[in-house]
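Engineer: So the sequence lines, in the order shown, correspond to chains A and B. Numbering-wise (the UniProt record's numbering), the first sequence opens with residue 1 and increments by one. Numbering-wise (the UniProt record's numbering), the second sequence opens with residue 1 and increments by one.
Since the hints were made in silico from the structure, they are not lab data. Just so we're clear, the structure is a prediction, and the values are computed from it rather than from any experiment. Using N, Cα and C, we set each Cβ at its ideal position, and we do this for glycine too. Hints should not be assumed to be uniformly reliable.
Here's a subset of chain B near chain A, in silico, CB distances under 7 Å, partners left out [stated by the list, open to error]:
1. Ala150
2. Asn155
3. Val258
Stretches of chain B that chain A covers, calculated by requiring three or more beta carbons in the stretch to come under 8 Å of a beta carbon on chain A [stated by the list, open to error]:
4. 1-7
5. 66-73
6. 158-172
7. 176-188
Below, in silico cross-link-like pairs of lysine-lysine (BS3-like), each with a Cα-Cα straight-line distance of 27 Å or less [unchecked claim]:
8. A:Lys335 to A:Lys286
9. B:Lys149 to A:Lys286
10. B:Lys68 to A:Lys116
11. B:Lys68 to A:Lys284
12. A:Lys229 to A:Lys172
13. A:Lys105 to A:Lys335
14. A:Lys284 to A:Lys229
15. A:Lys284 to A:Lys306
16. A:Lys335 to A:Lys284
17. A:Lys233 to B:Lys307
18. A:Lys340 to B:Lys68
19. A:Lys410 to A:Lys286
20. A:Lys229 to A:Lys291
21. A:Lys104 to A:Lys410
22. B:Lys68 to A:Lys410
23. B:Lys68 to A:Lys306
24. A:Lys313 to B:Lys68
25. A:Lys306 to A:Lys286
26. A:Lys291 to A:Lys410
27. B:Lys307 to A:Lys306
28. A:Lys105 to A:Lys376
29. A:Lys335 to A:Lys313
30. B:Lys149 to A:Lys340
31. A:Lys198 to A:Lys291
32. A:Lys105 to A:Lys198
33. A:Lys229 to A:Lys198
34. A:Lys104 to A:Lys340
35. A:Lys172 to A:Lys116
36. A:Lys229 to A:Lys286
37. A:Lys233 to A:Lys198
38. A:Lys284 to A:Lys410
39. A:Lys286 to A:Lys313
40. A:Lys116 to B:Lys307
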Amino acid sequence: MTKSLKGFNRRAVVKTGLASILATGVAPLVLSRGAYAQEYCNAPTGDSVTLGFNVPLTGPYADEGADEQRAFELAVEHLNGDGDGGMLPTYTPSVLTGQGVLGKKVAFVTGDTQTKADAARDSARRMIERDGAVMISGGSSSGVAIAVQGLCQEMGVIFMAALTHSNDTTGKDKKRYGFRHFFNAYQTGVAIAPSLAKAYGNDRVAYHLTADYTWGWTTEESMIASTEKLGWKTITPVRTPVGAGDFSQYITPVLNSGADVLILNHYGFDMVNSLTQAVQFGLKDKMVNGKQFEIVTPLVSDLMAKGAGAAMKGIYGTSNWDWQLPDAGSQAFTKSFGAKYGQPPSQAAHTAYVQTLLYADACERAGTFYPPEVIKQLEGFEFDGLGNGPTLYRAADHQCFKDVLVVQGKETPANPFDLLEHVDTASRESVTYDPAIFGGELGPDTAAMC
Amino acid sequence: MNAILAQLLNGLDKGGAYALIALGLTLVFGTLGVVNFAHGALFMLGAFCAVAFRQLITLETVTLDPEKLSPWGAPLEIRTPLAQSWFGDFGGVLIEYSVPLSILLAIPVMAIIGIAMERGIIKHFYKRSHAEQILVTFGLAIVLQELVKAIFGANPISQPMPSVLRGAADVGVWLGMGPNVLTYPWWRLTYFLFATAIIGAVFAFLRFTTFGLVVRAGMADRETVGLLGINIARRFTIMFGLAAVVAGLAGVMYTPLVPPNYHLGMDFLVLSFVVVVVGGMGSLPGAVAAGFLLGILQSFASMTEIKSILPGIDQIIVYLTAVIVLLVRPRGLFGRRGVMES
Numbered sequence: 001m002t003k004s005l006k007g008f009n010r011r012a013v014v015k016t017g018l019a020s021i022l023a024t025g026v027a028p029l030v031l032s033r034g035a036y037a038q039e040y041c042n043a044p045t046g047d048s049v050t051l052g053f054n055v056p057l058t059g060p061y062a063d064e065g066a067d068e069q070r071a072f073e074l075a076v077e078h079l080n081g082d083g084d085g086g087m088l089p090t091y092t093p094s095v096l097t098g099q100g101v102l103g104k105k106v107a108f109v110t111g112d113t114q115t116k117a118d119a120a121r122d123s124a125r126r127m128i129e130r131d132g133a134v135m136i137s138g139g140s141s142s143g144v145a146i147a148v149q150g151l152c153q154e155m156g157v158i159f160m161a162a163l164t165h166s167n168d169t170t171g172k173d174k175k176r177y178g179f180r181h182f183f184n185a186y187q188t189g190v191a192i193a194p195s196l197a198k199a200y201g202n203d204r205v206a207y208h209l210t211a212d213y214t215w216g217w218t219t220e221e222s223m224i225a226s227t228e229k230l231g232w233k234t235i236t237p238v239r240t241p242v243g244a245g246d247f248s249q250y251i252t253p254v255l256n257s258g259a260d261v262l263i264l265n266h267y268g269f270d271m272v273n274s275l276t277q278a279v280q281f282g283l284k285d286k287m288v289n290g291k292q293f294e295i296v297t298p299l300v301s302d303l304m305a306k307g308a309g310a311a312m313k314g315i316y317g318t319s320n321w322d323w324q325l326p327d328a329g330s331q332a333f334t335k336s337f338g339a340k341y342g343q344p345p346s347q348a349a350h351t352a353y354v355q356t357l358l359y360a361d362a363c364e365r366a367g368t369f370y371p372p373e374v375i376k377q378l379e380g381f382e383f384d385g386l387g388n389g390p391t392l393y394r395a396a397d398h399q400c401f402k403d404v405l406v407v408q409g410k411e412t413p414a415n416p417f418d419l420l421e422h423v424d425t426a427s428r429e430s431v432t433y434d435p436a437i438f439g440g441e442l443g444p445d446t447a448a449m450c
Numbered sequence: 001m002n003a004i005l006a007q008l009l010n011g012l013d014k015g016g017a018y019a020l021i022a023l024g025l026t027l028v029f030g031t032l033g034v035v036n037f038a039h040g041a042l043f044m045l046g047a048f049c050a051v052a053f054r055q056l057i058t059l060e061t062v063t064l065d066p067e068k069l070s071p072w073g074a075p076l077e078i079r080t081p082l083a084q085s086w087f088g089d090f091g092g093v094l095i096e097y098s099v100p101l102s103i104l105l106a107i108p109v110m111a112i113i114g115i116a117m118e119r120g121i122i123k124h125f126y127k128r129s130h131a132e133q134i135l136v137t138f139g140l141a142i143v144l145q146e147l148v149k150a151i152f153g154a155n156p157i158s159q160p161m162p163s164v165l166r167g168a169a170d171v172g173v174w175l176g177m178g179p180n181v182l183t184y185p186w187w188r189l190t191y192f193l194f195a196t197a198i199i200g201a202v203f204a205f206l207r208f209t210t211f212g213l214v215v216r217a218g219m220a221d222r223e224t225v226g227l228l229g230i231n232i233a234r235r236f237t238i239m240f241g242l243a244a245v246v247a248g249l250a251g252v253m254y255t256p257l258v259p260p261n262y263h264l265g266m267d268f269l270v271l272s273f274v275v276v277v278v279g280g281m282g283s284l285p286g287a288v289a290a291g292f293l294l295g296i297l298q299s300f301a302s303m304t305e306i307k308s309i310l311p312g313i314d315q316i317i318v319y320l321t322a323v324i325v326l327l328v329r330p331r332g333l334f335g336r337r338g339v340m341e342s
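Please take these sequences and the hints and turn them into a complete structure.
Structural biologist: Below you can see the structure in the form of structure tokens.
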């Protein structure tokens, strides 16, 4: 055994080291799990924890935003033990008790994104800096979601994206602090193609009208890729401004383009307007190339189907979820939402509700609101009972993988809410892809003081 | 050729809306010398006359059907419009034709709003600078749109067109081109005809009535007309009311094309000013000609062939045209010497 030089030995080094650790205050971080007080943005200190719900209450996606807000409020109600509990009993594996989160009552603040990226960032920043929100959720526009996700990464606040469908959200613009439960444009393309081939054949010419921003671009790209694989041809896509209102000048050229399918890469009120206007132009009654002219809306919701009315009949699209699904989780949520608001929830409401529960559960499992620990709980998490069947939060890109629904506008609705018919399901395996195809980097999970 | 004709029709129907809005705007400028930034709000208020009328006649009684349950287990609500309960089939007709019928509501409502706006606020700014007029009328527009938002909410509210005017007319057959070669929506054709009729009526009113003669004389030389003992201010107030009615009617008939929301006026505000400037400030024929010109140009600029050569041209064509027109003819297409010139 060798004596240490100059009076240092193993025991002395350990003693000195421990004393230094205790003196510098690093000890709590190393020795006690879950005790991260004030070491991250908006660490809750009182008996409540504040969540920020950032949704569009004005602009072309306002319908979806209003429904998201209803769902967020319902989720908070259920987390705090009020109401009938909704999906809490069906969600597995879950440690949620209906007594708040980590013993704290859940409070929330809301903001109007106006369906604009800059307004959404301002609103999210206000929630974080002024209201002390420890998590931000919302979306209804991928442009908005990506902008807010970037801000949340900078500020070290988890962003549980609600309605955002662009490939970029969990692709090239993915962030460590951002998580998406909703499906994406790539999955829409893969899911809808077999139904389109079955209904309309393999010899078609498609004309795309595309919302001119990230969601429109990636939806167009995914739809072109999947329909061209079927053998369809594509006419040069036309980009349209978001919130255009009157799309007639873009629809008129379709009449003489030689196309026999119009693919409307529009969402929200834009889709309602472009679809109803396309039908007014008689497109659905037209015969082109010896075939019946068809219209496809890659992403649809009940709210849009309601807005479009009869124009939606027979139109194919995809959805993340539908309130008529028979599983226990979907039925519990629909019952709870319907009883409170007198209408069934939309897919936007569903994803908003689910994301709030998933975040709360991750905090409970982590035993802390400390974001890096909550992120670890969400990454690679497998769950069920939230309406989509077995679902994976993939660690590599924070994208959820689950079945995708192919729906069609119902010809003879049984009631005012019975608007979309679930015609096919694309399995989780069939819509799973290599995360490398969209690039991007998640970035660090370093906690930040906002 | 068919594609060009289709775009031309589209340009005419878009131009009809632009011309109607710009006509009222330039009428106010030509008579009162006021740059009215609240004019777009008048278009929006007209659209909401149609919304209000429909909401009124579709007020419902709600009864619960204990036999049937909603998907969430509550008794199913059965909603019956009062108009149908009270008037039977006639109630159904009222609902079916709610948009054209709401013109009857919009005319007096818009006239009252226009006259109240002029008497209550705008008359106090006649002798102020154009910048001050713009500020006060812009503020007024914001107040009006926020009021509508508070009452009707932020979301667009669909207004169905009568079923006889749904679908598309086979315009190609009318032109001897064979069936299904050139089709165009019935309601858009109706809108174009409606716009043309209103424009014609306004011109006829100004051209063939004594009232119109006095107004035109007042527009040319207000002081001299006043010296003749004619109360020109009162007539100009009525013209403001007329401009509000024209904007309102344009808004009413526009509702089946694009569901109106509180922001509708602002969407048209800048565009209508560009139309007036291109046409020539204060020139009625100029406003109409520029409205149709810009509508047609915007429509053609949206053609795939044009966009593939000049991407994004559809978004800037209106402003690009304004720049070119102002460079070549600084007073606009039909502008008069001395208007807004020191």
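Engineer: Work down the list of hints and note, for each, if the structure agrees.
Structural biologist: Going through the hints against the structure:
1. For the restraint placing Ala150 (chain B) at the interface with chain A, the shortest Cβ-Cβ distance is roughly 13 Å, beyond the 7 Å limit, so the hint is violated.
2. Hint status for Asn155 (chain B) relative to chain A: holds, with the closest Cβ pair at about 5 Å, below 7 Å.
3. For Val258 (chain B), the interface hint holds, the least distance from its beta-carbon to any beta-carbon of chain A being 4 Å, beneath 7 Å.
4. Coverage of the region 1-7 of chain B by chain A holds in this model, with 4 residues showing a Cβ closer than 8 Å to a Cβ of that chain against a need of three.
5. As drawn, the region 66-73 of chain B meets chain A at 4 residues by the rule of a beta-carbon pair under 8 Å; at three or more, the given contact holds.
6. Requiring three or more residues with a Cβ within less than 8 Å of a Cβ of chain A, the coverage given for the region 158-172 of chain B holds, as 5 such residues are present.
7. Three residues within the 8 Å Cβ limit are the bar, and the region 176-188 of chain B against chain A gives 7, so the coverage statement holds.
8. At most 27 Å may separate the alpha-carbon atoms for a hinted pair to count; Lys335 (chain A) and Lys286 (chain A) exceed this at roughly 41 Å.
9. Between Lys149 (chain B) and Lys286 (chain A) the alpha-carbon distance is near 39 Å, which puts this suggested pair outside the 27 Å criterion.
10. For a cut-off of 27 Å, the pair hint linking Lys68 (chain B) to Lys116 (chain A) is broken: about 42 Å separates their Cα positions.
11. At most 27 Å may separate the alpha-carbon atoms for a hinted pair to count; Lys68 (chain B) and Lys284 (chain A) exceed this at roughly 35 Å.
12. Under the criterion of a C-alpha separation no larger than 27 Å, the hint pairing Lys229 (chain A) with Lys172 (chain A) is consistent with the structure, at around 24 Å.
13. Taking the CA atoms of Lys105 (chain A) and Lys335 (chain A), the gap is near 24 Å; set against the 27 Å cutoff, the hint holds.
14. A distance of roughly 24 Å separates the Cα atoms of Lys284 (chain A) and Lys229 (chain A); the hinted pair therefore holds under the 27 Å criterion.
15. Between Lys284 (chain A) and Lys306 (chain A) the CA atoms are separated by roughly 18 Å; this keeps the pair inside 27 Å, and the hint holds.
16. For a cut-off of 27 Å, the pair hint linking Lys335 (chain A) to Lys284 (chain A) is broken: about 36 Å separates their Cα positions.
17. Restraint check for Lys233 (chain A) and Lys307 (chain B): satisfied, since their Cα atoms lie roughly 20 Å apart, inside the 27 Å limit.
18. Under the criterion of a C-alpha separation no larger than 27 Å, the hint pairing Lys340 (chain A) with Lys68 (chain B) is consistent with the structure, at around 19 Å.
19. Under the criterion of a C-alpha separation no larger than 27 Å, the hint pairing Lys410 (chain A) with Lys286 (chain A) is consistent with the structure, at around 20 Å.
20. Between Lys229 (chain A) and Lys291 (chain A) the CA atoms are separated by roughly 20 Å; this keeps the pair inside 27 Å, and the hint holds.
21. Annotation: proposed proximity of Lys104 (chain A) to Lys410 (chain A) is violated, straight-line Cα distance about 44 Å (limit 27 Å).
22. In summary, the hint linking Lys68 (chain B) to Lys410 (chain A) is supported, as the alpha carbons are separated by about 21 Å, within the 27 Å threshold.
23. For the hint pairing Lys68 (chain B) with Lys306 (chain A), the CA-to-CA distance comes to about 22 Å; that is within 27 Å, so the pair holds.
24. With a CA separation close to 25 Å, the supplied pair Lys313 (chain A) and Lys68 (chain B) stays within the 27 Å bound.
25. Annotation: proposed proximity of Lys306 (chain A) to Lys286 (chain A) holds, straight-line Cα distance about 24 Å (limit 27 Å).
26. Between Lys291 (chain A) and Lys410 (chain A), the direct Cα distance comes to roughly 22 Å. Compliance with the 27 Å bound is thereby established for this hinted pair.
27. Under the criterion of a C-alpha separation no larger than 27 Å, the hint pairing Lys307 (chain B) with Lys306 (chain A) is inconsistent with the structure, at around 33 Å.
28. Between Lys105 (chain A) and Lys376 (chain A), the direct Cα distance comes to roughly 23 Å. Compliance with the 27 Å bound is thereby established for this hinted pair.
29. Taking the CA atoms of Lys335 (chain A) and Lys313 (chain A), the gap is near 26 Å; set against the 27 Å cutoff, the hint holds.
30. With a C-alpha separation of about 24 Å, the suggested pairing of Lys149 (chain B) with Lys340 (chain A) holds against the 27 Å cut-off.
31. Taking the CA atoms of Lys198 (chain A) and Lys291 (chain A), the gap is near 14 Å; set against the 27 Å cutoff, the hint holds.
32. For the given pair, Lys105 (chain A) sits about 51 Å from Lys198 (chain A) by alpha-carbon distance, which is inconsistent with the 27 Å threshold.
33. Taking the CA atoms of Lys229 (chain A) and Lys198 (chain A), the gap is near 14 Å; set against the 27 Å cutoff, the hint holds.
34. Between Lys104 (chain A) and Lys340 (chain A) the alpha-carbon distance is near 24 Å, which keeps this suggested pair within the 27 Å criterion.
35. At roughly 20 Å between alpha-carbon atoms, Lys172 (chain A) and Lys116 (chain A) fall within 27 Å of each other, so this suggested pair holds.
36. As the CA atoms of Lys229 (chain A) and Lys286 (chain A) are separated by approximately 25 Å, the hinted pair is consistent with the 27 Å bound.
37. A threshold of 27 Å between alpha carbons decides the hint, and for Lys233 (chain A) with Lys198 (chain A) the separation of about 16 Å falls inside it, so the pair holds.
38. Our distance criterion of 27 Å between C-alpha atoms is met by Lys284 (chain A) and Lys410 (chain A), whose separation comes to about 15 Å.
39. At most 27 Å may separate the alpha-carbon atoms for a hinted pair to count; Lys286 (chain A) and Lys313 (chain A) meet this at roughly 16 Å.
40. Simply put, Lys116 (chain A) and Lys307 (chain B) have alpha-carbon atoms about 25 Å apart, close enough for the 27 Å limit, and the pair holds.
Violated hints, in rising order: 1, 8, 9, 10, 11, 16, 21, 27 and 32; the structure is consistent with all others.
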